[in-house]
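A.B. asks: Sequence:
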Amino acid sequence: MNKFLLFFSLFLIPFITLLSEKRPLKPNIVLILADDLGWQDVGCYDIDAPTPMETPHIDTLATKGVKFWQGYSPAPTCAPTRCAMMSGRHPAVLQKTHVVGGNPPTPYSKTAHPVMDPWYSGRLGLDEVTIAEALNANGYRSGHTGKWHMAIDHHAFPKPSDQGFDFTRSHLGASAAMRPHRLTGFATQSKKDPYKLDQDGFPKDQTTLDAIEFMDENKKNPFFLYYAAWLVHTPIHTRSQELLIKYCKKLGVEYPKDPSSWTLEGQRNPYYCAMVEMLDHYVGQLIHYLEATPDPRWPGHKLIENTYVILTSDNGGMEKVPNEIITDNFPLDRGKINAREGGVRVPLIITGPDVNRGKESNVMINGLDFYPTILSWTGTQQPQSVKLDGCDISTLLRENPNNGALVREKNGEVRNSMVWHFPHGVAQQSTLRRGGWKLIYNYMPGRPEVELFKLYEKYPNPSQRVDIEEAENLAKQFPKRAKSMRKELFDRLDAMNASYPYLNPAYKGALKGKAEICKVIEAGKKENIVWVRFKENGNKITSGQIVYTLNGGEKSEEWYTSPASVTGDRLHGTLPKGSTHYFFNLVDDKNFLISHPVPMDMLAAGKTRPKGMYSLDALPASLH
1 MNKFLLFFSL FLIPFITLLS EKRPLKPNIV LILADDLGWQ DVGCYDIDAP TPMETPHIDT
61 LATKGVKFWQ GYSPAPTCAP TRCAMMSGRH PAVLQKTHVV GGNPPTPYSK TAHPVMDPWY
121 SGRLGLDEVT IAEALNANGY RSGHTGKWHM AIDHHAFPKP SDQGFDFTRS HLGASAAMRP
181 HRLTGFATQS KKDPYKLDQD GFPKDQTTLD AIEFMDENKK NPFFLYYAAW LVHTPIHTRS
241 QELLIKYCKK LGVEYPKDPS SWTLEGQRNP YYCAMVEMLD HYVGQLIHYL EATPDPRWPG
301 HKLIENTYVI LTSDNGGMEK VPNEIITDNF PLDRGKINAR EGGVRVPLII TGPDVNRGKE
361 SNVMINGLDF YPTILSWTGT QQPQSVKLDG CDISTLLREN PNNGALVREK NGEVRNSMVW
421 HFPHGVAQQS TLRRGGWKLI YNYMPGRPEV ELFKLYEKYP NPSQRVDIEE AENLAKQFPK
481 RAKSMRKELF DRLDAMNASY PYLNPAYKGA LKGKAEICKV IEAGKKENIV WVRFKENGNK
541 ITSGQIVYTL NGGEKSEEWY TSPASVTGDR LHGTLPKGST HYFFNLVDDK NFLISHPVPM
601 DMLAAGKTRP KGMYSLDALP ASLH
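Following my numbering, the numbering of the sequence shown begins with 1 at its first residue and continues without gaps.
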């Protein structure tokens with residue numbers, strides 16, 4: 001008997017020791033970034049009227065970690081948010097504040113819009129150190145699947161492989177457009193169908209399968225997966241006819257006969273509801289893989305036990321496009337492409353080995369916080385060249401998700417504010433959130449210059465809702481607060497070297513000072529020195545720039561800016577080596593931008609590209 005016990009003990013001790021080994025110091029990281037998923041599109045975020053969308057997997061994920069009621073994207077559009085998350089730098093600092101970019105500053109419509117966007121970059125700079133690059137230096141394998149969109153287009157340089165990712169796949173998956181229209185080409189059970197329905201009746205999604213492939217191939221190493229879902233971005237469709245029928249019945253609407261539009265108000269679009277549930281299903285597949293797969297680095301445990309998962313969206317829900325009502329972010333105002341709450345407030349759920357389970361938080365969190373937090377989780381040293389704009393929230397997640405004092409800025413102060421900068425399109429806004437208050441500065445003439453809203457009372461403990469609808473402008477009622485917040489907003493933007501919009505001299509309506517803009521007399525060039533001579537007509541020229549391209553005439557022209565100086569009646573500067581074409585931009589004391597030559601407006605460029613390039617209107621660099 002004693003011999004048996006001795007033998008059994010000798011057998012058991014190594015087994016117990018094996019199971020009790022400490023968690024590996026380098027955890028896995030999975031960042032799930034949905035595209036255009038609204039705050040009210042997810043079941044567990046329901047307030048006021050319940051959403052019809054069913055998201056059981058995301059809802060379950062929220063019970064296993066911390067759900068943030070005040071999670072924000074760095075920007076109200078896709079590309080700047082992605083660049084900000086990957087670099088840890090504010091979009092205004094990156095000069096990447098909107099999608100596409102890399103164009104000469106032009107109005108959206110030459111005569112219809114009084115304000116024109118400033119120049120902004122077409123890409124994330126190669127000098128920025130991405131999360132992937134930082135983690136790779138610490139022995140991680142980094143993988144990307146799905147959408148990239150951190151360059152001038154989806155496939156332009158730099159690609160994920162140029163910025164630290166060992167594995168990258170950009171298959172559109174189930175998001176690929178249906179042909180000839182969205183009431184045709186539904187997925188089937190056929191083995192030959194590239195979107196063959198799985199055992200649960202959902203179409204095959206290659207983006208998700210690619211993500212699982214990456215994790216499976218790299219599970220013996222610590223890994224970072226950036227799962228950039230194409231869903232639920234346009235085109236609004238579902239390859240599951242069963243889901244479409246399901247939501248038609250649930251919403252009480254007829255099965256669509258016209259595939260070209262959907263115009264019922266609110267969250268009553270069955271295509272979109274089906275898309276959200278598809279996204280949820282694919283998220284569930286990722287989580288199931290982590291929960292079911294043994295961890296080779298930690299015998300006796302599953303991958304999920306040593307994996308941090310961040311689920312969020314790149315911006316608020318896209319409420320509508322021409323001929324299509326998609327969703328409704330109510331009670332939040334507006335949606336994507338606007339810095340109001342509906343454009344920047346997003347679902348945010350974080351789980352992980354030492355993250356509080358089943359908690360809800362009212363603390364403001366921003367996508368900029370992911371980079372420093374991931375560095376903390378993984379024990380990765382911050383690269384010397386990197387200056388991060390977000391906060392490390394690992395302590396908040398571990399100790400008390402509702403203690404805002406645990407979120408501290410680089411200077412050690414408790415964070416109580418956030419800034420957004422979106423000087424674009426018809427929005428033309430910069431925004432400051434401080435505590436429970438929010439200030440919006442409008443650059444567009446004809447709107448209130450300053451709007452002040454009280455979103456919450458006693459933020460964050462407890463955070464009592466007051467006006468998250470942004471319905472009551474309190475700027476006149478609280479002028480001192482409005483003044484101080486406006487000053488803080490622009491102090492912070494100036495510190496970021498933010499670019500501001502200009503007035504459009506070609507605008508057909510009335511603008512103060514428009515009749516007094518200067519007239520360009522002539523332009524000249526000698527070797528790489530270029531100049532333009534002007535005659536003032538009341539407004540004084542105060543600054544200017546040279547806007548140039550290195551690839552004029554190519555499919556994706558990309559434009560940059562170079563400094564120029566004003567001396568007397570001349571704006572002059574040095575044309576960078578390799579330039580093929582250029583414009584002069586002159587700015588006067590009334591903030592009008594005068595371009596020479598005058599480029600086509602953005603609307604015209606969008607209709608004529610790639611055949612019609614800005615270089616067609618520009619000065620050739622060979623001019624003497």
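Hints are computed from structural coordinates only; laboratory data are not their basis.
Don't take every hint at face value.
Claimed, not checked - Here are the simulated lysine-lysine pairs, DSBU-like style, with alpha carbons at most 35 Å apart: (1) Lys219 <-> Lys302; (2) Lys110 <-> Lys483; (3) Lys110 <-> Lys64; (4) Lys302 <-> Lys359; (5) Lys525 <-> Lys535; (6) Lys159 <-> Lys26; (7) Lys159 <-> Lys320; (8) Lys191 <-> Lys249; (9) Lys110 <-> Lys458; (10) Lys480 <-> Lys535; (11) Lys512 <-> Lys487; (12) Lys302 <-> Lys320; (13) Lys257 <-> Lys64; (14) Lys159 <-> Lys219; (15) Lys204 <-> Lys257; (16) Lys483 <-> Lys555.
As the list claims (entries may be wrong) - Derived Cβ-Cβ restraints for the label pairs, each shown as a range: (17) Pro576 <-> Glu265: 47 to 53 Å; (18) Tyr255 <-> Leu25: 51 to 57 Å; (19) Pro620 <-> Thr184: 17 to 23 Å; (20) Gly379 <-> Lys410: 26 to 32 Å; (21) Gln189 <-> Pro620: 36 to 42 Å; (22) Pro235 <-> Pro299: 42 to 48 Å; (23) Gly379 <-> Val253: 51 to 57 Å; (24) Pro576 <-> Val426: 43 to 49 Å.
No experiment lies behind these values; they were computed from the predicted model shown.
No residue lacks a Cβ here, since even glycine has one placed at the ideal position from N, Cα and C.
A.B. asks: Would you mind marking each hint as holding or not holding in the structure?
C.D. replies: So, going through the hints one by one against the coordinates:
no.: 1; hint: Lys219 <-> Lys302; in the structure: 11 Å, holds
no.: 2; hint: Lys110 <-> Lys483; in the structure: 33 Å, holds
no.: 3; hint: Lys110 <-> Lys64; in the structure: 52 Å, violated
no.: 4; hint: Lys302 <-> Lys359; in the structure: 23 Å, holds
no.: 5; hint: Lys525 <-> Lys535; in the structure: 19 Å, holds
no.: 6; hint: Lys159 <-> Lys26; in the structure: 26 Å, holds
no.: 7; hint: Lys159 <-> Lys320; in the structure: 30 Å, holds
no.: 8; hint: Lys191 <-> Lys249; in the structure: 29 Å, holds
no.: 9; hint: Lys110 <-> Lys458; in the structure: 46 Å, violated
no.: 10; hint: Lys480 <-> Lys535; in the structure: 42 Å, violated
no.: 11; hint: Lys512 <-> Lys487; in the structure: 24 Å, holds
no.: 12; hint: Lys302 <-> Lys320; in the structure: 42 Å, violated
no.: 13; hint: Lys257 <-> Lys64; in the structure: 42 Å, violated
no.: 14; hint: Lys159 <-> Lys219; in the structure: 24 Å, holds
no.: 15; hint: Lys204 <-> Lys257; in the structure: 25 Å, holds
no.: 16; hint: Lys483 <-> Lys555; in the structure: 46 Å, violated
no.: 17; hint: Pro576 <-> Glu265: 47 to 53 Å; in the structure: 51 Å, holds
no.: 18; hint: Tyr255 <-> Leu25: 51 to 57 Å; in the structure: 54 Å, holds
no.: 19; hint: Pro620 <-> Thr184: 17 to 23 Å; in the structure: 48 Å, violated
no.: 20; hint: Gly379 <-> Lys410: 26 to 32 Å; in the structure: 19 Å, violated
no.: 21; hint: Gln189 <-> Pro620: 36 to 42 Å; in the structure: 59 Å, violated
no.: 22; hint: Pro235 <-> Pro299: 42 to 48 Å; in the structure: 46 Å, holds
no.: 23; hint: Gly379 <-> Val253: 51 to 57 Å; in the structure: 52 Å, holds
no.: 24; hint: Pro576 <-> Val426: 43 to 49 Å; in the structure: 33 Å, violated
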